[in-house]
Amino acid sequence: MTHVTKPLPANLLENKFLLLLLPILALAPILGLAEKASTETITTPALTVTLIQPQQTVLPLKISANGNVVAWQEAIIGSESNGLRLTQVLVNVGDVVKKGQLLATFSAESIEAELNQAKASLMEAEAQGREAINNSDRARTLQNTGAMSNQQIDQYTTAADTSKARIEVAKASVVTQEIRLKNTKIYAPDNGVISSRNATVGAVISTGSELFKLIRQSRLEWRAEVVSSDLAKIKAGMQVNVVAADGSSFKGKVRMISPTVDTQTRNALIYVDLPANSPAKAGMYAKGEFILGKSSTLALPQQVLVLRDGFTYVFTVTNINGKKIAKQVKVKTGRRVGNLVEIISGIEPNQQLVATGGAFLSDNDLVKIAPQANTKK
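Numbering-wise, numbering that gives the first Met the number 0 puts 121 at position 122 of the sequence shown, and it's gapless, one number per residue.
The reader is advised that the hints may include incorrect statements.
[Stated by the list, open to error] Restraint ranges, calculated between C-beta atoms of paired labels, are given here:
#1 295 - 222: 49 to 55 Å
#2 369 - 222: 35 to 41 Å
#3 119 - 201: 27 to 33 Å
#4 222 - 164: 54 to 60 Å
[To be verified] Calculated pairs, EDC-like style, for lysine to aspartate or glutamate (alpha carbon to alpha carbon, straight line, at most 20 Å):
#5 331 - 362
#6 163 - 125
#7 97 - 73
#8 184 - 167
#9 280 - 130
#10 250 - 209
#11 250 - 288
#12 329 - 288
#13 252 - 209
#14 163 - 130
No lab work stands behind these hints: they were computed from the structure. The C-beta atom is built at its ideal place from N, Cα and C for all residues, glycine as well.
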């Protein structure tokens with residue numbers, strides 16, 4: 000029996016052709032991209048940089064410190080009178096005063112009256128004393144005549160001695176009232192500037208009450224806190240650069256080094272005298288630097304350094320297979336003077352470093368050297 004194969008319908012032939020063509024069409028873009036990738040080389044552009052070498056520089060040796068500006072000595076001016084009313088207050092905070100200048104006065108009427116009474120008592124005692132002495136003298140002339148007994152004579156002598164003692168008591172009372180009268184006037188104990196005033200006209204003041212505070216001789220000092228390990232480097236008479244919180248700067252001189260160290264902080268106080276014309280004010284917080292001398296060291300401009308993750312780095316340039324490669328190197332820094340930063344460790348004096356643009360580099364980046372900057376600065 001003969002089988003006759005029937006031809007497929009035209010629509011089935013078309014569908015079969017499409018099914019075979021679809022995978023080819025799908026692979027065509029991939030094959031094209033692969034061919035393009037094989038003919039093109041993708042390269043990362045090199046960053047153009049300038050180079051610099053560390054410079055041997057003489058920098059000052061310094062010790063930095065912080066502390067407060069305080070009065071060299073502050074005198075507390077108080078009242079030695081009790082229960083008297085203030086009648087005058089002649090100065091205010093900030094006034095510059097001279098030693099012996101009148102600052103305030105108390106009401107003196109009651110003390111003047113007591114002084115007059117004491118003087119009258121003294122006159123009375125002196126009069127009685129003269130009489131007692133005269134009686135004693137007359138009694139002694141009659142001692143051997145029998146006109147008076149020895150007991151009577153002794154009584155006159157004792158009365159004369161007692162009158163002398165009463166005179167001395169009366170004199171002391173006068174002196175006491177004179178002192179009280181003198182204390183009704185308050186004078187400046189030294190040259191200086193008034194830093195505090197509690198005195199108010201009309202107030203009744205008790206003994207020992209504070210009226211004023213005086214910065215003696217208008218002298219201020221900076222009390223710098225320095226770690227104990229640096230104490231041996233600081234000497235009396237050493238110059239100090241002080242910078243106040245408002246940015247003003249001035250010179251000072253070490254007057255004294257504290258003989259003790261704080262047991263909690265292990266810091267010691269350095270007492271620095273400040274000039275009279277300095278802009279510092281008592282109570283200011285200030286920073287400063289003790290100038291120890293100078294030394295030669297490696298230094299780099301600030302812009303060469305890159306700060307990352309709390310560490311300081313520079314980029315060296317290494318030639319690898321004819322290509323310039325940037326290498327990130329961690330360095331230890333020290334003193335800073337202007338734009339220069341001391342390099343304590345991490346690099347050698349003859350190394351070529353990236354001068355600018357380090358912040359845009361990563362380790363092993365390809366770089367291109369700008370010829371005109373390839374010089375030592």
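Violated hints - listed by number, lowest first: 1, 2, 8, 9, 10, 12 and 13
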